[in-house]
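*Asks:* Residue-level listing of the chains:
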Amino acid sequence: AQRVTQPEKLLSVFKGAPVELKCNYSYSGSPELFWYVQYSRQRLQLLLRHISRESIKGFTADLNKGETSFHLKKPFAQEEDSAMYYCALSGFNFNKFYFGSGTKLNVKP
Amino acid sequence: EAQVTQNPRYLITVTGKKLTVTCSQNMNHEYMSWYRQDPGLGLRQIYYSMNVEVTDKGDVPEGYKVSRKEKRNFPLILESPSPNQTSLYFCASGLRGGELFFGEGSRLTVL
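Going down the list, the protein sequences come from chains X and S. The numbers in the first sequence follow our numbering, run straight up by one, and end at 109. The numbers in the second sequence follow our numbering, run straight up by one, and end at 111.
Read the hints as simulated data drawn from the structure, not as lab findings. These numbers were taken from a predicted model, which means no experiment stands behind them. Note that CB positions come from ideal geometry on N, CA and C, so glycine has one too. Careful, some of the hints might be misleading.
Said to hold, decoys possible - A partial selection of chain S residues facing chain X, derived with a Cβ cut-off under 10 Å:
1. GLU1
2. VAL4
3. ASN7
4. PRO8
5. LEU41
6. LEU95
7. ARG96
8. ARG107
Could you put the whole structure together from the sequences, leaning on the hints where they help?
*Replies:* Shown next as structure tokens:
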């Protein structure tokens, strides 16, 4: 079965500390992985996607097929990074999407 | 402004009373989809549409219908709502490559 697991419901870090939001997946095929973010009072929006291999707002994510993980990392967290983060998975044709349950990141001053 | 618009944003209804949640996008996207969000479960896909007149089931389609007669509109229909369909619903449209653009959400309560 296709599944995306985000084990942490809440992650609290201090400003300037490194942050890692965990994402593990189960998929029978070659997945496309994404991170979506929802800031307070804003819509859910794409943060980054594996196929682009880009860094957005200082965040990066590496697809580890051996460990079936796609953890989101940032070396120095900022207060404006506080938000709800969702890991998502799709197949190569981008029709069906599977989302994790989300991790709330709280960056303390 | 490029966006996805859902209506209504909030609705309280009773069991069995048919309702439709509309979704419209002005970005000329071929792909549209519906999700429900429940506590602890994240977003689960209900239906998706790859283009006009092309729709297919997502992970949790039971109790829902959709139609795609025009590119810009993708309404979600609950023919006979039940309390277990109380949820927060999101519509999204997107491009090939997986970037989804989400609506603001519609909070539905079925009594």
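*Asks:* Please name the hints from earlier in the document that this structure breaks, with their numbers sorted from lowest to highest.
*Replies:* Structure breaks hints 1, 3, 4 and 8.
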